[in-house]
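For the protein sequence lines, the chains are A and R, in the order given. Heads up: take any position in the first sequence, counting from 1, add 942, and you land on the working numbering. Heads up: take any position in the second sequence, counting from 1, add 6, and you land on the working numbering.
If you're looking for bench data, these hints aren't it; they were derived computationally from the structure. There's no promise every hint is true.
Distance condition first, Cα-Cα at most 25 Å in a straight line; then the derived SDA-like pairs of lysine to any residue [stated by the list, open to error]:
hint, chain 1, residue 1, chain 2, residue 2
1, R, Lys153, A, Pro1182
2, R, Lys153, A, Glu1155
3, R, Lys136, A, Arg1166
4, R, Lys153, A, Thr1184
5, R, Lys153, A, Gly1181
6, R, Lys153, A, Arg1173
7, R, Lys153, A, Thr1176
Simulated DEER-style distance windows between Cβ atoms [as the list claims (entries may be wrong)]:
hint, chain 1, residue 1, chain 2, residue 2, range
8, A, His1037, R, Phe18, 16 to 22 Å
9, R, Ser125, A, Arg1004, 55 to 61 Å
10, A, His1037, R, Ser225, 50 to 56 Å
11, A, Leu1251, R, Glu12, 56 to 62 Å
12, R, Glu79, A, Cys1084, 51 to 57 Å
13, A, Leu1052, R, Thr176, 48 to 54 Å
14, A, Ile1075, R, Met116, 43 to 49 Å
15, A, Val962, R, Gln87, 50 to 56 Å
Only part of the chain A face toward chain R is listed, based on derived beta-carbon distances under 10 Å [unchecked claim]:
hint, residue
16, Leu1156
17, His1158
18, Leu1174
Values in this document were obtained by computation on a predicted structure and should not be read as measured data. For glycine and all other residues, C-beta sits at the position ideal for the given N, C-alpha and C.
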Amino acid sequence: MTILRHTRLAGYGFVLPALVLMFVILLVPVLVAAVLSFTDYSLGNSTADWLAWKNYEKIFTRSSYQKMLWASALYVLIVVPVSIAFGLAAALAIHSLRFGGNLYKTIYFLPVMAALLAMAIVWETALHPTIGIVNRSLEAGCGGWVETFFSWGWIPGVDPESSWYASSCQEGFPLWLGEKRYALATICFIGIWQAFGFNMVLYLAGLTGIPRELIHAAAMDGARSSWQRFRLVTWPMLGPTTVFVVTITAIRSFQVFDTVEALTEGGPSKTTYVMMYAIYEKAVEQNLMGMGSAITIVFLMLVMVMTALQRYMVERRVHYS
Amino acid sequence: MDIKLERVVKSFGSAMAVDHVDLHIKAGEFLTLVGPSGCGKSTLLRIIAGLESQTSGSVSIGGDTVDAVRPSERNLAMVFQSYALYPHLSVRENMMVPLRLRDLSAAERMPLLGNLLPSRATKMHAIRSKIDHAAETLQISHLLERKPGELSGGQRQRVAVGRAMVRQPTAFLMDEPLSNLDAALRVHMRAEISGLHRSLKTTFIYVTHDQAEALTMSSRMAVMMDGQILQVDTPERIYRNPADLRVAQFVGSPRMNIFPGEVDSLGRIQTLEFSLDHVPSEPVQGNVSVGFRPEHLRIVNGSGGHDFTLKVTHKENLGADYFIHGAVADGNHQVIVRATPEEVTGVSIGDELGVGCYKSSSLVFGDSNKRIDLRPGLTQ
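The shape of chain R in the complex, shown without the other chains (with noise of 0.2 Å):
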């Protein structure tokens, strides 16, 4: 079932939350909501789940309005960031929760009288199988007869998970729960909520501020700042074809670099001390921001060949690649450059070293952080 919001609009105050927020998630779909500390991801989380009004706006899940619904009818299952486990209840009896009050008639669930009724026998032991299933599938079985209390931060996390999918909820909401697990594990529960997704088949809603888990994991990611939904698309084509400034610089890691640019009465796009092999495909005037990832960015040896030189600042080491932080010849502009480490062998903190761009991977904004699209100029 697809889930559907129109205008949704969250005020606090004379703050808004949530502006304007339209989001079309089809059914089965991993979409990643993502942004920065306090974008208002999870508010929109929140108020997908019920658990937040929104002030106006709508809702609707297959097709049918939830507005009025109340978070217990949505049939949603939702992860919490600190997981939110019952304390005083067995990893068994917080993953029978939802079974039981759902599949439980009020009287079944009476403490002594319930006993007595044999229609509970049978919910029950169905109930059982399911936790059985769902433990074998996140392998907690033999955690089953624990408190949470005595569970690490990953094990809780799989309880997390496993009592929202006992149940065959319509979508999965996850509230940023990898925030809590120390790196290492982090990036090996990645691998198996997506495992979880393709073999669940259904529709995962995830929040993150984490660029990382939202390109890896995701079918599509929304780009949240300030409220607004700034782009929804394929994690690739985020990352490619950012739509906004802010989008380009949120997503990727190290930051992309941006220099600041105009363009020239021929129309070409001037920065630093080069200009741009392509030229905008409608005409724009005035200021721009020219973007280049580091990956997009080459350190050049000898003299000749560079587009600008750089002071090394900082040397960072990742293994496989280096990042060489530096300041552009001018003083104003922090530069990351992506290099092998060959490549800098012999750099060392205090050289002037010559940059090369790829052009034609370079992305450019205007006014208002909006996207330019360029064409190849013609060569002079």
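Here chain A stands alone, though its shape is the one from the complex (with noise of 0.2 Å):
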């Protein structure tokens, strides 16, 4: 009996350190947030109110936080499925390469191993109104036969006056981070551009493990093209690839603030002011660790949500051999 009790307890004694880190490093922090976020707590005050659900009250109904779910939502529908596709579709053009691979991986995964913070600023040159290297290649296509085949005039039925690139020509070419149409977009496609490598990794890792023999057997069963032995075998062999490059990118992408820091701050009028730049401005900027409290649980709760929907959604029909 005793030893059986002193074992007992000597095993809760090996698990204890794990148990005591676990909590002060991962949960407490967490549940200081969620009580922080229900008071108007600033960093230096000694005391502070309690506000019950104000700060989330807030959070769903004034617009410039609606503007930052907004945002938030729509970086990470674009981000995601634009990343995965081109990611896929670089790895399964690669994997197809005889000779090469490996320099189109370090190419393709560069992006991946810069500080995006570097790159933001390489970007913000990039794109300055005017003396940026895109603004003023477009501009030199001005009046050429780049203006004439991208205003679109020779397919029938276009008014190639109206067309975008023709009309630039006339108004200056934008402002890519400083025009509400164009900076989250520009965002975007900084985030696209830096996630895609990653996922292509990812892929070809994935499409490494499918046995020789499968894609073999697709053909002798009379797969003909490409395309349907990648329907047949390929992209359900991904799938546990592919459930995993979902989560990971939302989740990234759900988390991206260099770039809106470095290039936009959340302007302009909050169209790229997503939930990561939020929690940034007003927890550390304007000392209100209430609210960025607050944002940061709805923020964690979009997460675990997202997640946990995937789980659902998508391994039920994934294949795990």
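Reconstruct the complex from the two isolated chains, following the hints.
Structure (structure tokens):
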């Protein structure tokens, strides 16, 4: 009896350090944030007022926070599918190469390895309205065959004068990061540019895991086109990879911050006011810890719901061998 | 339809995987490609399937050259060593794949739209009944709704065969289909696949490294080594009458005993401490190899009457037979002798035994491993 009780106690003793660390490092901060989110605490104040649900009420009623939710949702909804589609396409293309695959892998992976903040500065220069390489290149095309081509005048029924390119040549090319129409799209573009190399590498790993015999079996069974082989073997076999890629990309997209902070600071008129930037602005810049905590909790909930949904919807239909 | 290979070569860099192979596979026969690992037999099968393209030479099926024809258009069915079942599809769906891809049009295969086409319903009905029929033949009807991951090795093997037989292919190609099964199941499946061949009457091309499978199942077997086919013949003739030393050693278990020999000035063949009664039909000079299968040697009790002696190193009990492993007295050669249990009672390791040879059953091979025909010699 006593020996048994001793071993049992010893067992608890062994897991205790891990449990303590888990609480102190992982759970306590979340709990602290959860508690703070019901207050108007500011760093340095000795006391704080209990606001109950007021912070949360603001998030779901005030227009600036609605814009924040909208910007984050749009960013995720654009970056996730596009970067996954590009990642998969690049992986399939590289996988089919006999030579040079490593070179392409390295090139496509470069944006993943580079610090996004540094890259954001490069993009800022490139997208500068007057001296940036993007607009200067576009302007250089004005009046020549480039304009003729991209004004789509050669397609019957299209009026070249009203095309984007032609009117931009007249009125100047957009301020990519300064106009409401373009800012979020530009941030999304950089996000895709950065994320798809990572997705490509994950898909490449998934592709090497597909047994060659399965592809051959598909060919013997009458799959003539590569599309048929893709539908029959490749795509289902990549199922586990896709679940992982979707989850990771979605979480990372929700967490976008560096580009927004460096390029737009949430503007213009909050079109790029994503959640991570809002947390930073409220909690760090304006020292509104209560509000920042509330956004953090909403953020956490959204990510958890999204992950759970993915597990529920995707994993049921995915085969894990 | 006959399948013909002409001067087929496959090289990977400087290595020749398949080295000028000519092979004529007759319609309806069970041809086994047998050889040690890495002899090129699987590569040859994949060339026939179209999964690999040959470096030179040509393959024809039913008189038509198929070198430029894709695997999906060759109307061959293949059973892979790993079975290659689609893990995300049920057994039924796995077996439906070849029929869906061949019989349904692209529109009928469309996920939702296809269901609206009336022609799809009739075709799917025909497909289902074919699958039920094949499943019944293979006794896997109760497994149809399961996923491959939930099946045992033997069941997966049946499903792989089932997927191959739901349509009527010109030939079945089987790439070591039994090598992932346990020994008892393997012996059982040998009989089943032979039975399947008898009932389907379709050409089977079967690749294996197991000479026992080749001997028991095939109507003809082709022994491959180093990318070349050394001999193509019925299993009986390959066993009794190997044309090449390497064939003789590869086919038969335990291996044939090989002793060095030489032709003396009178044309007789000398080996170990004795000479053969038969002499070469054509005059031969120099060194030869003399082969005796274990069943062509016998234990001779008592002194005298034996051709050579051996020192027992190992007794292998197979129940009905014993195989006595030993070293020939000169110490340079290992021998295996088949004996009955009665003959070896009291024999223990380290004993010296006299061994007699059925000399007329000996097989003699000359340089470059080629068989030397013998005729009865003149008794002197």
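Each hint tested on the structure:
Restraint check for R/Lys153 and A/Pro1182: the C-alpha separation of about 17 Å stays at or below 25 Å, so the hint holds. Proximity of R/Lys153 to A/Glu1155 is assessed by CA-CA distance (about 18 Å); at most 25 Å being required, the pair is judged to hold. For the given pair, R/Lys136 sits about 22 Å from A/Arg1166 by alpha-carbon distance, which is consistent with the 25 Å threshold. Among the hinted pairs, R/Lys153 with A/Thr1184 is consistent with the structure: their alpha-carbon atoms are about 21 Å apart, no more than 25 Å.
Pair hint R/Lys153 plus A/Gly1181 holds up; C-alpha atoms about 16 Å apart against a cutoff of 25 Å. Using a Cα cut-off of 25 Å, the hinted pair R/Lys153 and A/Arg1173 holds, with the two alpha carbons roughly 18 Å apart. Proposed proximity of R/Lys153 and A/Thr1176 is supported: the alpha carbons are some 18 Å apart, at most 25 Å. A/His1037 and R/Phe18 have their C-beta atoms about 21 Å apart, which keeps the hinted 16 to 22 Å range intact.
The given range of 55 to 61 Å is respected by R/Ser125 and A/Arg1004, whose C-beta atoms sit roughly 59 Å from each other. Evaluation of the 50 to 56 Å hint for A/His1037 and R/Ser225 yields a failure: the beta carbon distance comes to about 42 Å. The hint said 56 to 62 Å for the Cβ distance between A/Leu1251 and R/Glu12, and at roughly 60 Å that hint holds. The hinted range of 51 to 57 Å is satisfied by R/Glu79 and A/Cys1084, whose Cβ atoms lie roughly 53 Å apart.
In this structure, A/Leu1052 and R/Thr176 meet the distance hint of 48 to 54 Å, their C-beta atoms being roughly 51 Å apart. Checking the proposed 43 to 49 Å range against A/Ile1075 and R/Met116 shows it holds: the Cβ atoms sit about 45 Å from each other. Separation of A/Val962 from R/Gln87 is about 52 Å and conforms to the stated range, judged on CB atoms against 50 to 56 Å. The criterion of a C-beta within 10 Å of any C-beta in chain R is met by A/Leu1156, whose closest approach is roughly 5 Å, and the hint holds.
Interface hint status for A/His1158: upheld, as the beta-carbon distance to the closest one in chain R is roughly 5 Å, under 10 Å. Interface restraint check: A/Leu1174 against chain R, minimum CB-CB distance 7 Å, threshold 10 Å, status holds.
Violated hint: 10 only; the structure is consistent with all others.
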